[in-house]
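> Here are the chains, one letter per residue:
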Amino acid sequence: MNILVFTKRVAATQEEELRITGEGQAVDLSKVPFKVNDWDNYSVEEAVRIVDKAGGSVTAISIGDAESDEVLRRAIAMGAKDGFLVETGDVLNDPFARGELIRSFIDKEKIPFDIILTGVQSEDDQFGAVGGIAAALMGLPYASMVIGIDAVEADHVVIRRELEGGLQEKVKVTVPCVLSIQSGINEPRYVSIMGIRKASKVERKVFKADGYEKGSPKIELTKWVYPEKKGGATMLDGELADVCGQLLGILKEKGVCQ
Amino acid sequence: MSYTLIVAEVRRGVFEERNLDSLGLGALLGAQSVLLVPDGAYQVPDKFVDAIVKVKAAEEVYLNPMNMGRMLEAAFAAKGKPDNILFTQSSSGMEAAAYAAGLFGMPVITDVSGYDRDAGIFLKSYYSDKVFGQFKTAGVPAILTVRSGSFREFAAEKTAAAAAETIDAAAVETRTFVEYVEEEKTDIDITKAEFLLSVGRGVGNQGEVSGYEELAGILKAVLSGSRPVIDKMWLPKARQVGTSGKTVKPKVYLAMGISGAFQHIAGMKDSDCIIAVNKDPEAPIFQYAHYGIVGDIHKVRDKLKELAKG
Ligand SMILES: Cc1cc2nc3c(=O)[nH]c(=O)nc-3n(C[C@H](O)[C@H](O)[C@H](O)COP(=O)(O)OP(=O)(O)OC[C@H]3O[C@@H](n4cnc5c(N)ncnc54)[C@H](O)[C@@H]3O)c2cc1C
Ligand SMILES: Nc1ncnc2c1ncn2[C@@H]1O[C@H](COP(=O)(O)O)[C@@H](O)[C@H]1O
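Going down the list, the protein sequences come from chains A and B. The first sequence begins at 6 in our numbering and counts up by one. The second sequence begins at 227 in our numbering and counts up by one.
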């Protein structure tokens, strides 16, 4: 099994205050730390596990600026054999443009594969769309929300998709195919700084995105805005003991606590 | 004909409630609304659409994105190409929307939660609702997935009853349904709890979880969590709150270290009283909470333990 796994470097904004610049032109990420997209961490791990059992090799691919090399090194430290960076100067907001770029890159470079893995979604843009678009453009079968891979055969895989409310569906998909991996499918291995340093010795290939079709963007992000305030919470202020006392008071008032 | 094609989501014989949001956005878009639905014994809100296209296919065939491509083609043949196609933002809608976009070369915007009709602008969340992007499509038919809870109040009743027609759909071989797999039954049912203490990624590491278990014990609350906590196996799957976990409605929902992503909010927003503790004053969860505390959850946990014991 040759597996291509897509991995994206994203801004870790969960604990950061985000500022929109100018008249809504951009989101200032200059002080925000970056990391591997959580979902892609699970899919790299899954790719490595499949190859450990079925043989073959894992190639990690990232689309982004030179800094994205970081997530390729990480993937190599986890067990990927190769790392390919498709280098692009501009941020491709449109998932269609990224899907098209993936199709034409794989096509033009004649990269062999049996299975392509992506994450269900990027933490930053949350489109959840790149895998499905790329699959359709390549004429491959597709499944997303993949929460278990039960069988990997030469011509098909049996997977479980996560649905709403804890329900799953078991599905058979022919190979080659594209699968988008849901978080929680496995326990991604720990990657040490030493491991990443060692992985740096493995050569990563850089391809310029200009050399491939990505079509013209089909959607345009015209402006960034803050969320509309919905009234919001009554904030409990004061010293820690005071705030916690107020909280206990609310619990009593609601009758869930004496 | 200028129309919006609304792809209904049905699962196990149920016409999902979040379809109402697609009907609402359909009404805002202004064109006629045509509902695509598998032919079955569903309660379809036919008052809210102008026409219905029933697909002669089993639910599992209908929900398969590869088959959906063929069904859409059949619908286009019957009705012409629509202005926009709406899917639900869900496990089946997200999958089929992206695939259809690739198949038909159409623009796609997912998780749409707002629409400005005059400006023709769609609103889409970024960074778990910390900021939103305003999007325009290049004036061509687009595919959109609709966030649950965002548009249902705009669904408008039509004057005439919707006419229905039926189309056929053949199933592909490349992806086939095998079976549904139910979640294992557990003794604790978080949907029955009156008081949930729910922890998120802000807990930091597994070693901290036991402290929250203790606090839950002292407060007589049941411990639940957001997805990352369950993904990391710090709590069992049955304790997950959200779209892919449980929908809960306790008297009190105390959320500690949870940011307030839409998939989480959808599972707890109807709780009687929501209290959020987060160190980020801008955390989206404060928009849904009744009471909020900005601070370190571990310190709040320890102080609550001390006060509640004493
Ligand atoms: C198809 C699909 C289904 C999903 N289903 C679900 C679901 O059912 N349930 C669900 O929850 N999610 C679900 N998600 C995931 C969801 O999108 C979010 O990723 C998730 O809810 C984030 O969880 P969180 O708030 O715990 O983590 P984060 O978003 O990382 O937030 C952590 C928060 O903790 C705060 N924090 C950190 N440290 C501290 C501290 N010491 N003191 C105080 N605050 C602190 C931070 O400021 C931050 O706000 C789903 C996603 C997809 C794509
Ligand atoms: N710039 C990128 N580089 C590598 N992979 C990407 C990139 N953008 C999206 N992907 C892949 O597509 C998945 C879904 O992304 P999205 O549609 O942006 O939510 C991600 O989890 C990645 O696996």
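Everything labelled a hint here was simulated from the structure, so no lab data went into it. There may be inaccurate statements among the hints.
Claimed, not checked - Pairwise CB distance ranges, derived in the manner of DEER restraints:
1. A:29 with B:434: 35 to 43 Å
2. A:202 with B:239: 53 to 61 Å
3. B:434 with A:70: 30 to 38 Å
4. A:251 with B:269: 56 to 64 Å
5. A:70 with B:433: 31 to 39 Å
6. B:387 with A:59: 53 to 61 Å
7. B:411 with A:30: 51 to 59 Å
8. A:251 with B:389: 55 to 63 Å
Stated by the list, open to error - Heads up, incomplete: computed chain A residues facing chain B, CB under 7 Å, no partners named:
9. 142
10. 144
11. 232
12. 247
13. 249
To be verified - With a straight-line Cα cutoff of 20 Å, these simulated DMTMM-like cross-link-like pairs (lysine to aspartate or glutamate) come out:
14. A:235 with B:342
15. A:235 with B:415
16. A:210 with B:309
17. A:234 with B:379
18. B:525 with A:244
19. B:446 with B:415
20. B:535 with A:28
21. B:525 with A:242
22. A:36 with B:379
23. A:36 with B:508
24. A:235 with B:379
25. A:234 with B:415
26. B:463 with A:242
27. B:505 with A:242
28. B:531 with A:258
29. B:362 with A:28
The beta-carbon is built from N, C-alpha and C at its ideal position, and this holds for glycine as well.
> Does each hint fit the structure? Answer for all of them.
Comparing the hints with the structure gives:
Against the hinted window of 35 to 43 Å, the Cβ-Cβ separation of residue 29 (chain A) and residue 434 (chain B) comes to about 38 Å, which satisfies the hint. For residue 202 (chain A) and residue 239 (chain B), the Cβ-Cβ distance of about 55 Å falls inside the hinted range of 53 to 61 Å, so the restraint holds. As the Cβ distance of residue 434 (chain B) to residue 70 (chain A) is approximately 35 Å, the hint placing it in 30 to 38 Å holds. As the Cβ distance of residue 251 (chain A) to residue 269 (chain B) is approximately 45 Å, the hint placing it in 56 to 64 Å is violated.
For residue 70 (chain A) paired with residue 433 (chain B), a C-beta distance near 36 Å keeps the hint of 31 to 39 Å intact. The supplied range of 53 to 61 Å is met by residue 387 (chain B) and residue 59 (chain A), whose beta-carbon atoms lie about 55 Å from each other. Residue 411 (chain B) and residue 30 (chain A) have their C-beta atoms about 52 Å apart, which keeps the hinted 51 to 59 Å range intact. Look at residue 251 (chain A) against residue 389 (chain B): about 59 Å separates their beta carbons, and that is inside 55 to 63 Å.
Taking 7 Å as the C-beta cut-off, the interface hint given for residue 142 (chain A) holds, the closest approach to chain B being about 5 Å. Nearest Cβ of chain B to the Cβ of residue 144 (chain A): about 9 Å, over the 7 Å cut. The hint is violated. A cut of 7 Å between beta carbons decides the hint on residue 232 (chain A): the least distance to chain B is about 6 Å, and the hint holds. Below 7 Å, beta-carbon pairs count as interface contacts, and residue 247 (chain A) has none with chain B, the closest being about 10 Å; its hint is therefore violated.
For residue 249 (chain A), the interface hint holds, since its Cβ comes within 7 Å of a Cβ in chain B; the closest pair sits about 4 Å apart. For the hint pairing residue 235 (chain A) with residue 342 (chain B), the CA-to-CA distance comes to about 18 Å; that is within 20 Å, so the pair holds. Among the hinted pairs, residue 235 (chain A) with residue 415 (chain B) is inconsistent with the structure: their alpha-carbon atoms are about 31 Å apart, more than 20 Å. For the proposed pair residue 210 (chain A) and residue 309 (chain B), the alpha carbon gap of about 42 Å is over 20 Å, so the pair is violated.
The suggested pairing of residue 234 (chain A) with residue 379 (chain B) holds, with an alpha-carbon distance near 19 Å, which does not exceed 20 Å. Straight-line distance between C-alpha atoms of residue 525 (chain B) and residue 244 (chain A) comes to about 11 Å, which keeps the hinted pair within the 20 Å bound. Taken as a hint, the residue 446 (chain B) and residue 415 (chain B) pair is honoured in the structure, with Cα atoms around 15 Å apart against an allowance of 20 Å. Under the criterion of a C-alpha separation no larger than 20 Å, the hint pairing residue 535 (chain B) with residue 28 (chain A) is inconsistent with the structure, at around 52 Å.
Distance restraint check for residue 525 (chain B) and residue 242 (chain A): the Cα-Cα separation of roughly 15 Å lies within the 20 Å cut-off, and the hinted pair is therefore satisfied. For the hint linking residue 36 (chain A) to residue 379 (chain B), the alpha-carbon distance of about 40 Å lies beyond 20 Å, and the restraint is violated. Pair hint residue 36 (chain A) plus residue 508 (chain B) holds up; C-alpha atoms about 17 Å apart against a cutoff of 20 Å. At most 20 Å may separate the alpha-carbon atoms for a hinted pair to count; residue 235 (chain A) and residue 379 (chain B) meet this at roughly 16 Å.
Restraint check for residue 234 (chain A) and residue 415 (chain B): not satisfied, since their Cα atoms lie roughly 33 Å apart, outside the 20 Å limit. Our distance criterion of 20 Å between C-alpha atoms is broken by residue 463 (chain B) and residue 242 (chain A), whose separation comes to about 34 Å. Distance check on the hinted pair: residue 505 (chain B) and residue 242 (chain A) sit about 13 Å apart at the alpha-carbon level, within 20 Å; holds. With a C-alpha separation of about 18 Å, the suggested pair residue 531 (chain B) and residue 258 (chain A) falls inside the 20 Å cut-off, and the hint holds.
As the CA atoms of residue 362 (chain B) and residue 28 (chain A) are separated by approximately 17 Å, the hinted pair is consistent with the 20 Å bound.
Checked against the numbered hints above, the structure breaks hints 4, 10, 12, 15, 16, 20, 22, 25, 26 and satisfies the rest.
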